[in-house]
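Student: Order-wise, the sequence lines are chains A and B.
The numbers in the first sequence follow my numbering, run straight up by one, and end at 237.
The numbers in the second sequence follow my numbering, run straight up by one, and end at 244.
Treat the hints with care, since some could be wrong.
Simulated DEER-style distance windows between Cβ atoms [what the hints assert, rightly or not]:
1. B:A120 with A:V184: 29 to 39 angstroms
2. B:G199 with A:G71: 55 to 65 angstroms
3. B:K22 with A:G138: 29 to 39 angstroms
4. A:G71 with B:R67: 45 to 55 angstroms
5. A:V42 with B:S138: 55 to 65 angstroms
6. A:G138 with B:V25: 48 to 58 angstroms
7. B:A18 with A:W150: 33 to 43 angstroms
8. A:P57 with B:A18: 50 to 60 angstroms
By construction, these hints were calculated from the structure, which means they are not laboratory data.
In this text the structure is predicted, and so the values were computed from the model without any measurement.
Beta carbons: idealized from backbone N, C-alpha and C, even for Gly.
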Amino acid sequence: MQNFASEFSRAAQLVLTGDPDLWAIVVLSLQVSVCAVLISAVIGMPVGAALAVARFPGRRALIILMNALMGFPPVVVGLLVYLMLSRSGPLGVLELLYTPTAMIIAQTVLVTPIIAALTRQVVELLAEEYSEQLRSLGVSRLASVPTLLWDARLALVTALLAGFGRAIAEVGAVIIVGGNINHVTRVMTTTIALETSKGNLALALALGAILIGIAVAVNAMVSALTLRAEQEGLRHA
Amino acid sequence: MRDLMPDMPNRLEISGLAIERKGRVLLDVPRLSLDGPGPTLILGPNGAGKSLLLRCLHGLIQADRGRVLQDGLDLTADHKARQAMVFQQPVLLRRSVAANLDFVLKRKRLGRSARKARIADLLAEGGLDGKARQSARSLSGGEAQRLAILRALALDPETLFLDEPTSALDPSATQAIEAMILRASDRGVRIVMVTHDVGQARRLAADIVMMQGGRVVEHGAARQVLEAPKCQASRQYLAGWLVT
């Protein structure tokens, strides 16, 4: 019990004294996850919005597939990205394995379906409401996509934050493609797993506390934005 | 705002228009011509096909059969661009009041200063000065409908369709909207409006289209239809019977 108490105390010290190793890990984690979420947004939002307004054979199947991909196991994503980036894989020539870029790719694969599916849901509801009015103003289905994305902006920030929450808390995929190399690809989740197994609980606890802090902050922002979106009538429920 | 010459052609015609769903006739209008001066009001009970007819005239719904003609020609995208429609529930973009108007003006490819001046004129026209930066979603029902009408008028339409724009409004909000509609009509915009309200038809209509069961049962000058309706359905509706 006393040992745990001293580990907590050392963890607090690491956080409060601004330990450079600890904060380097936090910064790398944030860089990787923010990059992955931004790339996912650039891909996922237009795809989700297009799926919301376009009508074509196989659309329903595509939506089911996209929703299913939201629950794709991270370790499987890590394995697939590993196979693509490994020396004998199709993208092996790029030598990206065990780099932060590989981790960004893995997180992008994980987060894109989440952002695309949530965007589709939000934009489809808004498109139902706007459909006749936009057609009356001479705006075609596809031309309505930027208008819908802009008007759904509050709800879409919520989708981004949900994606970020998934990315920052992810461990399975990044450990496979990043390799958890000290000062290169070591992020908060992989460090927690490693340091716990080594018995270095202080660093694991300090990172755990920061990770929980980030998760709470993200959820608080999601709640605040959801509330504002509801007030503005973005949610129809 | 564009002033139309009173004798400028703006004739809407329907020929053999029909819509059926599951064997039920929703709309069956063999012939209808809207070419008189002043607002046309479409009256009738719920389910009479009034809103459906309005959507067909605006090209929002494609009928199973028949044609909608503008000045003798089938309705084209160019014709539709010279029409605008205001719905029963105003659909406002989740932006400021000014941004709702700007959305339409940008589509007309006006420059920034021209748009700004036009927005100021429109807000003054609708009595919404001072609310330019307010969120459109926070407007009252009457203000929201006025903004929807202003946004439609920003298109400089030759024809403005209104689907029961005052059905959920109190008398003072209704009065403000009726005044806007009459001013637009005086400027030469053809008004085609659906209403349940016989009193509103008396105040606004130059001619009245009476509908029941998807069919036009009577069409004529407002005074004639209101004071000496020719068909029994019109007489019953205008007398306040519960016509279905």
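Student: Verify the CB-CB distance for P57 of chain A and A18 of chain B against the hinted window 50 to 60 angstroms.
Tutor: violated, 29 angstroms
Student: CB of V42 of chain A to CB of S138 of chain B, is that within 55 to 65 angstroms?
Tutor: At roughly 32 angstroms between Cβ atoms, S138 of chain B and V42 of chain A fall outside 55 to 65 angstroms, so the hint is violated.
Student: Please check whether G138 of chain A and V25 of chain B have a Cβ separation lying inside 48 to 58 angstroms.
Tutor: Given a distance of about 31 angstroms, which is not inside 48 to 58 angstroms, the answer is violated.
Student: Is 33 to 43 angstroms right for how far apart the beta carbons of A18 of chain B and W150 of chain A are?
Tutor: holds, 39 angstroms
Student: Tell me if the beta carbons of K22 of chain B and G138 of chain A are separated by a distance inside 29 to 39 angstroms.
Tutor: At 32 angstroms between Cβs, range holds.
Student: Hint says 55 to 65 angstroms; check whether the CB-CB distance for G199 of chain B and G71 of chain A agrees.
Tutor: holds, 58 angstroms
Student: Quick check: does the Cβ-Cβ distance between A120 of chain B and V184 of chain A fall within 29 to 39 angstroms?
Tutor: Violated - the Cβ-Cβ distance for A120 of chain B and V184 of chain A, about 59 angstroms, lies outside 29 to 39 angstroms.
Student: Hint says 45 to 55 angstroms; check whether the CB-CB distance for G71 of chain A and R67 of chain B agrees.
Tutor: Since G71 of chain A and R67 of chain B have Cβ atoms about 51 angstroms apart, the given range 45 to 55 angstroms holds.
In the structure shown, a violation is registered for the earlier hints numbered 1, 5, 6, 8, in ascending order.
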